[in-house]
Amino acid sequence: GAGVSQSPRYKVAKRGQDVALRCDPISGHVSLFWYQQALGQGPEFLTYFQNEAQLDKSGLPSDRFFAERPEGSVSTLKIQRTQQEDSAVYLCASSSSWNRETQYFGPGTRLLVL
Amino acid sequence: AQSVTQLGSHVSVSEGALVLLRCNYSSSVPPYLFWYVQYPNQGLQLLLKYTTGATLVKGINGFEAEFKKSETSFHLTKPSAHMSDAAEYFCAVSYNNNDMRFGAGTRLTVKP
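From first to last, the protein sequence lines are chains A and B.
Here the first sequence stands for residues 61 to 174, where the numbers follow this note's numbering.
Here the second sequence stands for residues 10 to 121, where the numbers follow this note's numbering.
By construction, these hints were calculated from the structure, which means they are not laboratory data.
For every residue, glycine included, the Cβ atom is placed at its ideal position computed from N, Cα and C.
Since no wrong hints were added, every one of them can be taken at face value.
Simulated DEER-style distance windows between Cβ atoms:
# : chain 1 : residue 1 : chain 2 : residue 2 : range
1 : A       : ALA62     : B       : LYS67     : 22 to 30 Å
2 : A       : SER122    : B       : SER12     : 21 to 29 Å
3 : A       : SER118    : B       : SER18     : 24 to 32 Å
Straight-line Cα separation of at most 25 Å, DMTMM-like style, residue types lysine to aspartate or glutamate; simulated pairs:
# : chain 1 : residue 1 : chain 2 : residue 2
4 : B       : LYS58     : A       : ASP116
5 : A       : LYS71     : B       : GLU97
6 : B       : LYS67     : A       : GLU161
7 : B       : LYS58     : A       : GLU104
8 : A       : LYS74     : A       : GLU145
9 : A       : LYS117    : B       : ASP108
So here's chain A without its partners, still in its complex pose:
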């Protein structure tokens, strides 16, 4: 596609519910990043993939957060047993192998945990 797409755009979950957030990167981009953006804050790094390999997951806040990219394209961020503090916008970004320093961002998924 022309840009990074994410779905759903909005998600309301009850506390304790599991959620799955999807990211479709720009076609051919090898690197994929997930960020968490709390209200009024800048994005914070969660995890990074190069193709299907998850090379850095140091930003994941707890073991309730899990990300995968099994075929090196689409990625899913899963949050188990959601808590209210998980409410945030989750941003996905991708970059190409020839322009690795420039990340292109999707519109984000706004998650609200009640």
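Chain A is already provided as a structure; the job is to place chain B on it using the hints.
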């Protein structure tokens, strides 16, 4: 460790006035520096970036930024604000292409 400080969470200017959004970074090695803009309910859009070479970087929509190593700064400027410039602006730093750190953001308001 690298970090980014954006001075001023809110900046208000009149239409046609100079826009100056401040960003200072801390990094132990020469960084890559970025400015992104975020409109409501949208993702981040790259305005400009500094990697190597010329320290004055020109971006989209008439914005530019100057990398000043001695001041560890990368301030964003635009000579004349337009109403459509009203948005949230984020400065970011990276030095290994994988670990990008963002500032807290500056909300720009443009008054008619």
